[in-house]
Amino acid sequence: MNRKSDLADGACFKRKRGFRLMGLNFNADGIVRGFFGGNAYLAILFLLFICIFLFKSAIGFIPGFRTELSEARISGIEAANHMNYQLVGYDALYTKVNQAFINEKRAKFGNLATLVPIYEEFESIIDDELEDKVDEYTEMDDSEEKQAAAIKLTTLVTKACGEVSTEELLKTIQSRLPQTTEISDNTYQKALQYAHKYALNDYETPDEINEIPALINDQMGAFNKAMDLIKTSDDELREIYQEIEKIATKTNITISDNRKNLASITSLKDELKDNANDSQVAQAIQTRIKELEPNIIEIDPAKNILPIYEIIAKHDPAADNMVNQFQKGINLLETAEITTEKSTILIHESSRLFQELKEIVTERKSLLAEWKHDKPVTMWNSITAFFFGSDWKTGSDRQSLYGLMPLFSGSLLISLVAMAIAVPLAIGAAIYVNQFANKRESRILKPSIEFIQTIPSVVLGLFGVLVVAGLLQGMSEVSWLSWIPGFPIQDRLNVLLAGILLAFMACPTIFTLAEDALNNVPKAYSEASLAMGANKLQTVLKIIVPASLSGIIAAVMLGFGRVIGETMVVLLVAGNKARIPDLSQGVGALGESVHTMTGIIAQEYGELEPGVLHWKALFMVGLVLFLISLSINSICQRVISRKTS
Amino acid sequence: MNSQLIQLNDLGFSYDQGKTETIKGVSLDIPEKQVTAFIGPSGCGKSTLLRCLNRMNDLIDTAKITRGSIKILGQDIHASDVDAIELRKHVGMVFQKYNPFPKSIYENVAYGLRIQGIKNKDVLDEAVERSLKGSALWDEVKDRLKTSALGLSGGQQQRLCIARTIAVQPKVILMDEPCSALDPIATAKVEELITELREQYTIVIVTHSMQQASRVSDRTAFFYLGELIEYDKTNTIFQNPSQKHTEDYISGRFG
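Line order of the protein sequences matches chains A and B.
Under my numbering, residues 862 to 1506 are what the first sequence spells out, in order.
Under my numbering, residues 58 to 312 are what the second sequence spells out, in order.
It is possible that part of the hints are untrue.
Calculated cross-link-like contacts (lysine-lysine; reagent style DSSO-like; alpha-carbon spacing at most 30 Å) [what the hints assert, rightly or not]:
#1 Lys301/B - Lys1384/A
#2 Lys1300/A - Lys154/B
#3 Lys1384/A - Lys203/B
#4 Lys1397/A - Lys128/B
#5 Lys176/B - Lys1397/A
#6 Lys1403/A - Lys199/B
#7 Lys178/B - Lys1403/A
#8 Lys81/B - Lys1384/A
#9 Lys1219/A - Lys957/A
#10 Lys1384/A - Lys190/B
#11 Lys146/B - Lys1300/A
#12 Lys121/B - Lys1300/A
#13 Lys121/B - Lys1384/A
#14 Lys1397/A - Lys146/B
#15 Lys176/B - Lys1384/A
#16 Lys1403/A - Lys290/B
Here are a few chain A residues that sit away from chain B, every Cβ distance over 10 Å (derived from the structure) [unchecked claim]:
#17 Leu906
#18 Glu1024
#19 Glu1065
#20 Lys1086
#21 Arg1120
#22 Ser1128
#23 Asp1131
#24 Arg1149
#25 Ala1163
#26 Glu1210
#27 Glu1224
#28 Gly1289
#29 Glu1388
#30 Leu1391
#31 Pro1407
The hints are simulated quantities; they were obtained by calculation from the structure and are not laboratory data.
Built from N, CA and C at the ideal position, the CB exists for glycine as well.
Please take these sequences and the hints and turn them into a complete structure.
Written out as structure tokens, the structure is:
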């Protein structure tokens, strides 16, 4: 048959036959469809795997944490922690007050204090080198001759002392007063004067020198007294804390050992059942069980629990005592004469911290009053202890604390700083490149900005640690920049530094997407606006940016997602101290070291045995991170789809 | 002479720094408060010429006036002390594809006033109402001024663009094939509107439709390959053209 007749009977419309395999009919279209569809669905499958994996690994955390928390409660660790919180607060406060004290002392009597060692150095020079001359002079009777000799002797002393270089002298002094940085001319001359006196008066130290320490102490009187009060105020509380800590830790170890041993025995017993036929193996298992059994030690309430309550009974007076004594100290400080601004600021901060300490003490007092070792820990307690816990403390013998807050707040703060820097920069750049730059400029600018994305984050992190950190700290210590809030920064590696570097990383993401969004605004809009007599800036701000706003918001959100999920840079530059930044000090909080959710996983994961509670805790953190990223992305998609509809 | 609002004198224009001229020495005077139509086959330079009149071609980097001048109200618009932005406030433009901003109807019309710094709500309200009435749109949209302009029909959107243009009361309105994207009924409405606007504004319209040119315009200019072939009263052009070329084009023998 020829083609024409094919057409005539319509056979040419019939589907081409494929081949059959395992009962399925394959043809070219189907295979192509299957290939591309398979690729697309693979992504979803992968996502599903990640979800399952995360949930599976993290799921045991909450009950496991509950067990640890209840063990901590029964053993009294929880009560000890309540006391420790107050002591930690005290320590922070004491550091501040002590800084003020040292600073004040140095400011007031820095010169006077250095005078003594310089003089003493001179004294030893005279003793060593000029003994003969001094003796000779002392034995002289003739007043006229003696006068002439006196002049000669003083010149000799000056010369002998002058032979010691200033650097050497400074070194000698620093071995006694480490905070000394320079010797003023005035001090040097005074020391020399006293040295002359010493030589002329038959090795008698001048009264002025002897009086200096007393003078300093006297002048610092109120301050000294305050410091004495403050220094000892925590003694009583610390003592009972150590007592309770000792008992509780011991009980806690016993309890958790018991748990582990019991678990081993249970599994051995299961094994025994399985191997009941093989008498040799059964024998071996039996002996092991017998070995383990004596390790289980009953908790004796009289020995382990009662003492805890006895100590708690002593707590309230001790804590009150600390607060009262500290209060007295603070009151004294406020009456003391303060000369430098730095000390005033420090004392002011101390007063604020003291108010916080008082709150902590009141809170912990009521918690301790309610505390009962046998009150059950609920699942809900364990969940809140994770999500709202203010401490992430792991790796010590003490009970570990897995509180998300320090990590979450660190991640959030860094991301917010990064966005505050990146959003204006990236969007500004996008507007410039899209609307104002000529062709040649945008040919250079666009790829350059997008090139930033290709910098490996570890390289950027190292650059941050080695270069930017030093620059930032140096800059923050420049005196004419001290008006910037938060300067000088507290820690070398800090939130601000991490924020700056992450902003740099987020810029290309936001830039590219925002530029796309601006580019998608129909040219007709800007043409119409310009034809109305609007200038370029008006057109950009009133027409183009509003028209692309949803795209720009999506760009910002995706930038945020990138920043909060970034690991390497924050691990290197955030300082990795798991603590909640003290926001009450305002912008200064940006100068603190923090830890992040991503950083903690990268840092601690490698050291852990799979399956331990700490390991599960890291997966919980990962899960939270995943959910945050997921929600950011879905918000983005909603924003974008609102635009298109 | 006074009634000649726009005067073109031997105007030459190039898109590529003067290498090739798209408009080759056009001289023509456009009278005030009349509708002048530019007709001619595609690529004859009529739209380009229209865009010269409000200096929209300035937006193209390589575009350049090669010779001659354009005077509007006696002022050379390419003089160094003329600001294109100020010029465009007086020479409004309506585009081929209706392009209202993605804003509310009200904001679209008020836009021209807002960019001139007018914030007084009464003034804006008054101008919006006047302009929408002027473009015969008021009755259709007065109840939904705050809704998005993109929800209007094509014809309504184009009339909104005209309203937007007349809100700032320009001297001249340039229309670049304003009806080419519209259906016949919407076209009829816009044409009706153009006839009404003639009372107050000088209108220059580029069109591909001979019928439209003959319906709405007072004078017609025929361009071919960047040159002005013939320019006269519309009736004369359509009924008694002096050039063979014009006659051929109008009667559809080439184009």
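Original post:
Which hints, by number, does the structure contradict?
Top reply: When the structure is compared with the hints, numbers 1, 16, 29, 30 and 31 turn out to be violated.
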